[in-house]
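Protein chains in written order, with the working numbering: chain A, 1 to 346; chain B, 347 to 478.
A portion of the hints provided could be inaccurate.
[Claimed, not checked] Over the 10 Å line for every Cβ pair with chain B, so calculated as not near, a few chain A residues: (1) Val7; (2) Val34; (3) Arg40; (4) Ala48; (5) His54; (6) Gly116; (7) Gly130; (8) Gly133; (9) Ala139; (10) Leu259; (11) Arg263; (12) Thr290.
[What the hints assert, rightly or not] Partial chain A-side listing against chain B, Cβ under 10 Å, derived: (13) Thr30; (14) Arg46; (15) Pro51; (16) Leu53; (17) Ala55; (18) Thr58; (19) His82; (20) Val83; (21) Leu85; (22) Val86; (23) Ala90.
In case anyone wonders, no lab produced these hints; they're calculated from the structure. For each residue, glycine too, the CB sits at the ideal point set by N, CA and C.
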Amino acid sequence: MRPDLVVHLALLTGQAALVFAGLLVAAAATARAVATARRRRDRRSRAAWTPSLHAAVTGGWLPAPRVARRDAEHVLSLWNHHVELVDGPARAHLAALARAGGFDRRALRLAAARGGSARLAGIRTLGNLGSTGAWSLLAEELTCDGGVMWLAAAEALTRIDPCRAAPLVAARLGARSDWHPAQLTRLISAADETALGTAVVARLDPRSATCPLLLRLLAALLPLGALPTVRRLLDDGPPPEVAAGCLRVLGACRHPTDLERIRGCLADPAEAVRVQAVVALGHYGDPADTERLVALLADRHWWVRYRAAQALAAADPGSHAPVAVGAVTDRYGQQALVHALAEAEG
Amino acid sequence: MSLPTPRVLVVEDDPVVSSLLVHILATDGYVADVVGDGRAALDALDTREPPELVLLDLMLPYADGRIVLRKLRANPRWAQVPVLILTASTLQVVGALDDGADDYVAKPFSPDELLARLRRLRRRATLPAVAS
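Could you build the full structure based on these sequences and the hints that come with them?
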């Protein structure tokens, strides 16, 4: 290779690196400027709206300040934060303030926007305002796979009309297995538990991959009306993950007639089933179950031993006899019990 | 008999929530100090005079509310201060009551109910003094 060509290539590489570095600096500076502007808008919105929001919460009234279009997302997020924090008349006062500020129109615009956080603020506002006019827009959002938006839309629909929303939400609830329990709990807290429970039960199919997730949700809803379906499902010998879900529901509902059914699952070959059976017995087993739980301290699976130890350590003396660590013969079971007792003592 | 202006220590990490709490407390004549995390709350146990009441969030950065509560109950100067728990998760309430909380309010909360519970705690705390 000729020396002048090498020099030429080196020069070109240097220039390219310089351009690339310049672009990186420009991108970083732009991102910083955007973040600063966003923080400034947030501070401005807070300063303008906090007195009115505070006054509304405590039953007073200050006029709604004007909302500039570019501040709308921040103001609506701030309002949502307040309205989701309080209950009773304070919530109604905040809704009146929002209507005076024209939040319903702004929320509709934001909910149809492209930006993620703006859309989220719009959807939450529509739900918190109980905007029935936004029903179809929100229902359409449920057909998308976008996780956070989907959940926000489900919550908004549930807040607007819990009974009407239940079948729509239940139809899509099993579509994702990565929901955090706290997010679902939030959704459930806004729901009509009976309506959602009925809609979920109607969709229980042991052959479907969504069945375990729906059962997990059902356990949080505590619908006693669902128990016959769940018992039938368990008695039919479903796959282990479905059986474990059924036991989770039975353990949560704590119906005395289910104790024998739960005890029957303690010897199931699948550890997921044994774990849920042990957890259920820990919830509401009687003194006769102490011996069964102690036996499970020697289970070959760590989670079963640990849950059995937790059940024994957390039990009140009325439901299970206290177990002395020294009386446990299995070494690993003994360790699990020591661990669980230490956890229980805090 | 009117009670003196009471001071409340608000332990809450969310500035929107703490600012709202300070406003709600002010409507009932309370003067509130705010600390924004568990570590600052633990520092307050050593450096500040005990207030009449503590309003404590359970989910805090650095040291969670239950740790703060246990340290508070173990501190002779603060042990008798009534503590009201503010929590979004009722699952934690039993543990917090066992750790020495006097009462709790679940989020979302009614401001009137919050104030009524604080008044009740104050009455209970001042009863022995009035009796003696």
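Quiz item: What are the numbers of the hints the structure violates, in ascending order?
Solution: The structure conflicts with hints 5, 13, although it agrees with all the remaining ones.
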